[in-house]
Structure formats: C-alpha cells, structure tokens
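Peer 1: Protein chains in written order, with our numbering: chain A, 1 to 412; chain B, 1 to 412.
Derived from the structure by calculation, the hints contain no laboratory data. One or more of the hints may lead you astray.
Identical chains blur together in the list; that is why a pair holds if it fits in one copy or across any two.
As the list claims (entries may be wrong) - PhoX-like, lysine-lysine: derived pairs with alpha carbons at most 25 Å apart:
| id | residue 1 | residue 2 |
| --- | --- | --- |
| 1 | 253 | 340 |
| 2 | 367 | 27 |
| 3 | 102 | 367 |
| 4 | 141 | 104 |
| 5 | 283 | 98 |
| 6 | 129 | 27 |
| 7 | 98 | 141 |
| 8 | 141 | 315 |
| 9 | 80 | 98 |
| 10 | 315 | 123 |
| 11 | 391 | 102 |
It should be emphasised that the depicted structure is a prediction, and the values quoted were computed from it without experimental measurement.
The primary structure of each chain is shown beneath.
There are 2 protein chains.
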Amino acid sequence: MRIDQIITRTNKEAKEFDTINATLLQKAGFIDQTMAGVYSYLPLGLRVLTRIENIIREEMDKVGSEILMPAMVPRELWEKTDRMETDILFEVRGANDKSRKKNKASYILSPTHEEVITPLFMKQRMSYKDLPFAAYQIQTKFRNEERPKSGLLRGREFRMKDLYSFHASDEDRREYYDRIKDVYVKIFDRLGIGEDTIVALAGGGDFTDEFTHEFDTRCESGEDIVYWDEREQAYYNAEVASDELKDGSEEIKVSEVGNIFPLGTKFSEAFGYMFTDQSGERKPVHMASYGIGSSRVMGVIVEKFNDDGGIIWPKSVAPFQVYLAVMPGDNKAVIERADKIYEDLLGAGIEVLYDDRAGVSGGMKLKDADLTGMPWRAVVSEKTGSKVEIKARTSEEIRLIKGSDLLKVVKA
Amino acid sequence: MRIDQIITRTNKEAKEFDTINATLLQKAGFIDQTMAGVYSYLPLGLRVLTRIENIIREEMDKVGSEILMPAMVPRELWEKTDRMETDILFEVRGANDKSRKKNKASYILSPTHEEVITPLFMKQRMSYKDLPFAAYQIQTKFRNEERPKSGLLRGREFRMKDLYSFHASDEDRREYYDRIKDVYVKIFDRLGIGEDTIVALAGGGDFTDEFTHEFDTRCESGEDIVYWDEREQAYYNAEVASDELKDGSEEIKVSEVGNIFPLGTKFSEAFGYMFTDQSGERKPVHMASYGIGSSRVMGVIVEKFNDDGGIIWPKSVAPFQVYLAVMPGDNKAVIERADKIYEDLLGAGIEVLYDDRAGVSGGMKLKDADLTGMPWRAVVSEKTGSKVEIKARTSEEIRLIKGSDLLKVVKA
Numbered sequence: 001m002r003i004d005q006i007i008t009r010t011n012k013e014a015k016e017f018d019t020i021n022a023t024l025l026q027k028a029g030f031i032d033q034t035m036a037g038v039y040s041y042l043p044l045g046l047r048v049l050t051r052i053e054n055i056i057r058e059e060m061d062k063v064g065s066e067i068l069m070p071a072m073v074p075r076e077l078w079e080k081t082d083r084m085e086t087d088i089l090f091e092v093r094g095a096n097d098k099s100r101k102k103n104k105a106s107y108i109l110s111p112t113h114e115e116v117i118t119p120l121f122m123k124q125r126m127s128y129k130d131l132p133f134a135a136y137q138i139q140t141k142f143r144n145e146e147r148p149k150s151g152l153l154r155g156r157e158f159r160m161k162d163l164y165s166f167h168a169s170d171e172d173r174r175e176y177y178d179r180i181k182d183v184y185v186k187i188f189d190r191l192g193i194g195e196d197t198i199v200a201l202a203g204g205g206d207f208t209d210e211f212t213h214e215f216d217t218r219c220e221s222g223e224d225i226v227y228w229d230e231r232e233q234a235y236y237n238a239e240v241a242s243d244e245l246k247d248g249s250e251e252i253k254v255s256e257v258g259n260i261f262p263l264g265t266k267f268s269e270a271f272g273y274m275f276t277d278q279s280g281e282r283k284p285v286h287m288a289s290y291g292i293g294s295s296r297v298m299g300v301i302v303e304k305f306n307d308d309g310g311i312i313w314p315k316s317v318a319p320f321q322v323y324l325a326v327m328p329g330d331n332k333a334v335i336e337r338a339d340k341i342y343e344d345l346l347g348a349g350i351e352v353l354y355d356d357r358a359g360v361s362g363g364m365k366l367k368d369a370d371l372t373g374m375p376w377r378a379v380v381s382e383k384t385g386s387k388v389e390i391k392a393r394t395s396e397e398i399r400l401i402k403g404s405d406l407l408k409v410v411k412a
Numbered sequence: 001m002r003i004d005q006i007i008t009r010t011n012k013e014a015k016e017f018d019t020i021n022a023t024l025l026q027k028a029g030f031i032d033q034t035m036a037g038v039y040s041y042l043p044l045g046l047r048v049l050t051r052i053e054n055i056i057r058e059e060m061d062k063v064g065s066e067i068l069m070p071a072m073v074p075r076e077l078w079e080k081t082d083r084m085e086t087d088i089l090f091e092v093r094g095a096n097d098k099s100r101k102k103n104k105a106s107y108i109l110s111p112t113h114e115e116v117i118t119p120l121f122m123k124q125r126m127s128y129k130d131l132p133f134a135a136y137q138i139q140t141k142f143r144n145e146e147r148p149k150s151g152l153l154r155g156r157e158f159r160m161k162d163l164y165s166f167h168a169s170d171e172d173r174r175e176y177y178d179r180i181k182d183v184y185v186k187i188f189d190r191l192g193i194g195e196d197t198i199v200a201l202a203g204g205g206d207f208t209d210e211f212t213h214e215f216d217t218r219c220e221s222g223e224d225i226v227y228w229d230e231r232e233q234a235y236y237n238a239e240v241a242s243d244e245l246k247d248g249s250e251e252i253k254v255s256e257v258g259n260i261f262p263l264g265t266k267f268s269e270a271f272g273y274m275f276t277d278q279s280g281e282r283k284p285v286h287m288a289s290y291g292i293g294s295s296r297v298m299g300v301i302v303e304k305f306n307d308d309g310g311i312i313w314p315k316s317v318a319p320f321q322v323y324l325a326v327m328p329g330d331n332k333a334v335i336e337r338a339d340k341i342y343e344d345l346l347g348a349g350i351e352v353l354y355d356d357r358a359g360v361s362g363g364m365k366l367k368d369a370d371l372t373g374m375p376w377r378a379v380v381s382e383k384t385g386s387k388v389e390i391k392a393r394t395s396e397e398i399r400l401i402k403g404s405d406l407l408k409v410v411k412a
C-alpha cells in the first residue's frame, strides 16, 4: 500500500503517556484517544487488530462456531443471574427528555455474554444429543472502569473474543476445558507472546468457587501480580496466593491476556437451561467460558517488543511485512526502480508499505520505518544503484542486495 | 462445513412475525431476537452479514481507508455540534449506585460518527496538501427507536458502514460525492439488489439544506415512500415531494439501504477544523458522509428473495453455495459416496453445507435446504445410484448428473 492511502501520520513529537503502548501506538499513528480508555483504531492499528483477531478466529473455528451477540441487552437477563450490582456494569437509556419519553426503558451494555448465550441456546439445544457444543464471538465490550489505563491495557470500550461451552457433565466440561488451554497456548505462540505468557491459577469471582485459569504475559506495566510456587509447580495470582507464598516468592508483574472459567451450573440454573439425559431425566447444563482480550493483546505486544526507535511487530501481526522507502522521493530514475520493486513484491503476495513521499527527507523515512515497526526495511536510493539496502527491524545489520534477491530474504 | 458445526437449528414451527425477513431468518436459524430491535447473528446469519460487509469493504478500500471508531464517546462532542437533543440518542452511565459512584460520567452511544471523525483528523491533516481524503468504518451503531420493526429493517442496535470525506472546496466534494454514487450502484449490484434499488432525493435533516441522496430498495415492508417525478426524471422521498407530485403519482414503498449527505462546513465549523490553503488562508474543511446499513441490507435481501419454501440467497451473499444432503443418513455406502463428493467440492474451493444428519428424514432435509436458501441443492441417495440429483434454488427442474459433473454445474 502506498503510504498516502494510510491517511494518518506518525507524530514523533506527541506527548509521552504512562504506558509504552499508549505512547508508541499514538506516536506511530496506530490509535487515537477519544477519551480515557476509549480509542479509535487508525488504518495501521486496525490492520494489527484484525490480524490478531484473525489468528484467534482460525484457532477458534476448530473448536466452536462463530456467532455475534448484541452489546445492548435487557436488564431482566442480569437480574435473573443476580449480577445487576456488578460494579463495572454500564446501562444505556435515552440521552435526553425527548429520547427518554419515546422509550422509557434502559438496557445493560454487556461486559460479558453468559446472560445472552444461555437463554439463546436453551431455546433449541435441549437433549443430551445436542451436547457438548461451543460458540464464540469477537466483539466490542464495555466496562465502567474507575481508572482506565492509558493505551490498550485496560479500556472502558475494548475488543474481546469470548467462547462459551456447554456440556452434559462436569467431566465432559473438564476435557474440553483442558483442550482449550492447549488451544490458548497455541494462539499466544502464534501472536508472538507465547514465551512470556504463563498460566496462573486465579479466583473465580462471582462465577465459581473453583480455581480458574489466567493467561498472563510478563509485562512491567501489567496490572496483575503472580507468584511462582516451587512446591506446587504452579503460578498463583496475588488474589489466591497464600501469605507464605507472597512473603517467600518474587512478585512477577503480568498483564492478563486471557482467562478460562469453569461456570458449573450457575448460569444454566439461573435461566433453567436443563437438558434431557439418556434416561429421560432433566439436568442442568454444565458451562465454561473462555476470553481473550484482543485489543489488550495488541497493547501487550507493544509493551514487550519495542526499542528506542519504536515498535517491533512480530511477523504474524505486523500491518505490513516490508517498509519500502525511496529516497529521495523526487528522483525519477530512483522512483522507477522502487516502483518496480514494489510491484514485484506485491505480485509475490508480500505486504508492503511503500513510502514514496516526495517532500519528506530520507532520515525522516527511516525514523518512521523504525517507529511503525515492520519486520523488514528496504531502501532504494541514489546510493544503492541497482541494489536495495535491506535491514531487519530486530537487527543492526544493513545489507546491500540485488533487487531480485529481496523476495527470498523477506520470505525466509 | 458439516451441518453439526452450525450448532443452531431451523425451527419451521417458529411463529410468524410482522415482516418476512424476521420470520424467515428466525425459522431458518440465521438470527435470534434478544429484544425488540436487537438480535444475535447465529453461524449462518453471521456468514451472510460478513459477506455483505466484505463486498462493501472491497469497494470502500478503493476510495478510502478503513478505521474503527468507538461506540461510546464524550457528551462534549455532541454538545459542540448542538445535537444533544437528537431524539434517537442513547447515553451510557453506571448501571447501579456502586458503578455510578466509581465513575459519575455519562457518555453518548453513537448513532453516527461525524462527532468523532472531525476532531480525530483535525489533529493532523491541516494543509491543503492533506486534502481530499476519506475514511470509513464498518461498525455496530445504536439508535433509540420508539418502535423498532421486527427483523433487520429497523433496529436499536445494528450494523453499518459509514464513510466520511474531507475536501478543500465544495467543488471537490461534489466530484467525490458523484464518484461514491457510482460506487454505491456497484455495491448494490454486487449484493443482488441493484435492479430494485433506486436513487431518490431526500431532505438533509439537521445536516444540510441541500438535497441528499437515498438509495432505496423497492420493498413492500419498507418504511419509506418515494414518488417518481416524470418531469424532473427523478425520485423524491415523501418528505421532500411536492403535494402536486404526491397527488399525481404512485406511492412506491421502499427500504432505505444507503444514503449520502453533503455536510458542507457544519461539522468543521463546529469543531474549528480549518485547513491552510495555498495562499496561506485558513478555511473550513468541506465534508460529506455516506452510509450503508449492512444488517438492513441483509433483511431487505430476504424481503426481496423468498418463496413459500424459504429464503433464496443471491450467490454473492449466500452462506454456502451448495446444500449437500445425503439420504438416508445411515446407509454406509451412500454416505461414503456423499463424503467423497463433499471432499471434492471443498477441494475445488466450493463452500458446501453438508447435511449428513443420521436421524433426520430426507423430506426434512429438503425442507431445510429450501428454508435456508443456498443457491444449489445436491442430493445423494439410495435412488441416485452413482449420480447426484441437483436443483437450483430458483428453479423447479431437478437433474440427475454424474458426481464428477457437479463442480462444472455449480461453478457455472
């Protein structure tokens, strides 16, 4: 894509925020803050978010069916599960007298969807033959956070994948639950944060008395703390760690990128979601839920992978694989060479951000390449003659190679 | 995809609603009503919605850059444009005392995004060199409708594509505006409703004193009325039609699937979005906005294309191209033949919904094929021997063909 089509600009002089991801994503023109905890995704940022969500979607499609539930739902659903007092809950109502007069009702703006998916499926999947099954969505969620963190780590409006599974027994739920743990490990690997992501035991909050499982990425600006228990060979979230463990073990700062919850029969009993077993008996359905914060993952990736120059995207989520700069942008012969390289890479299916701006200096282009963080930087200039200067974002080494070899290097 | 993965079922005995799309989409298991005007998209329904949105996205990518703005935005933005009294406006606030105490603020839940995109781009695109440009999003919108229509024609939460363009002059805006009119014609053609979609002149509401343009699909359950003006050779929306035209001309019922608005400098002046022209003078940016209701389009398509048996999807948006039924579902030899045909079609890149259910009668499978509306139905049964029975959804003709010829027929 030619850089003009990106329409948003880097802003290297933008102010510093309290987190690295907020600062770099805004300097690099990936996101724009509308208000605390609420952001627009600009063209480069939306490409990253879409890539993250597509990786999640690919793995989810192997274990469940994609659906899309509404954000705005009736209060009655939350009254049924006795969760109307949840302190992060938002409600929606007419914004002015005219609007409220037309329609007096108010609704819940969903932070999670157990209250929607349970009554949805109890309409039609009522026999043991219908179980187990699982459905997921990738959707915008809302939470009334008191103090949202700047950037994408904790927002009032954020993106999330949520999967829900339904089972005839707790044993069956456990089997699927363990399978999803493995799927999550694979997803975080593919997203480039597998090495730094651990599974920790956590509390179940309103949901369950059992331990739940968090997927936590080591991250200095993370909000959660976990401890390694040498005896149990397990990580424990600070909420559930014993005082002994807290005293004797190092604090590890993490950001929670995913969680999985055994829900037991809490929601099925609240809604009366019963199935008929093989002997004709009516029993409550066993459930579990599994979240991944896709926008938070984007923030965590930036927290993990950056240097003084800017962001360093893992290949799997980078908005483009190559940042191709032509310098200067007003030498016709050089531009022709760069145009040809651009077309060749596109033709080979490589995604290229082509910086062919005329009035921008070479130095500025190199800075923008570093800041925006594509895995490869390729430079065509008066100096490179018929060759191309190529540099990996993660390396200092600059190589001068034939244009025809570029494809091999980038694809490797 | 094997039909078990769809997880939702058809429900041929479901009740009748006030619109065809509400009835058929729910009987066929494409959507589920959470409350009036608010629906979940089930696996088959989400496939259709995604197809519709991807067609729109392909055409939009040629004329603008995709971004994603938040739904929840500060009240100040709407106060600045003096639109806080809009009667369909929703606000968001803490749902209970605890939540409201933590964060007292309330926000607007956006029905449209002029209030977000104007301040967003005025941060960085300030020179005549930055103009024109355009950005769009495909997103969930919220409107406090007094009486939402059942089905997808008028919802309180719905899907929409909205494009915004920014120009140095009204002449430049007009040129782009006319180009988008052509793009819209192409989009509605690709969505299968081009023949029945007309362009009508309409009022600009709060936005503008000029005529705006609606894209209206002829539709008996549509909520709008337009009139053909023979003298002017133009359609007029009832809002702007003269009494003379209304008296002398036939009422045409339509559903508005798209609209385009010249916004003039209303929003740029409200926010102070000025650019510096070539002579150094500061001038307000000229804007226009362009919507397509992607979920409404889904409803309109069902209103247009159906028969007694169910939905008839245009190929471009059908969730699968072929409904492949094996009957009976418990004859091993027949199943093996059907499995092979299924794998061959998949291998050739054809999307197939494979109905291999064991306990379901052949008659029921044929009814489900009609109801769910895929362009082709293929049957492998004890009767067909080594052949396949093939029928287009739009035709009564049933042909017995060789399995190896199926691909040719379906691809044609």
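Peer 1: Determine for every hint whether it applies to the structure shown.
Peer 2: How the hints compare with the structure:
no.: 1; hint: 253 <-> 340; in the structure: neither (48 Å within a copy, 53 Å between copies)
no.: 2; hint: 367 <-> 27; in the structure: within (11 Å within a copy, 57 Å between copies)
no.: 3; hint: 102 <-> 367; in the structure: neither (54 Å within a copy, 42 Å between copies)
no.: 4; hint: 141 <-> 104; in the structure: both (24 Å within a copy, 19 Å between copies)
no.: 5; hint: 283 <-> 98; in the structure: neither (47 Å within a copy, 36 Å between copies)
no.: 6; hint: 129 <-> 27; in the structure: between (54 Å within a copy, 21 Å between copies)
no.: 7; hint: 98 <-> 141; in the structure: between (27 Å within a copy, 20 Å between copies)
no.: 8; hint: 141 <-> 315; in the structure: neither (27 Å within a copy, 33 Å between copies)
no.: 9; hint: 80 <-> 98; in the structure: between (30 Å within a copy, 19 Å between copies)
no.: 10; hint: 315 <-> 123; in the structure: neither (43 Å within a copy, 30 Å between copies)
no.: 11; hint: 391 <-> 102; in the structure: neither (61 Å within a copy, 49 Å between copies)
Comparing the model with each numbered hint stated earlier shows that hints 1, 3, 5, 8, 10 and 11 do not hold.
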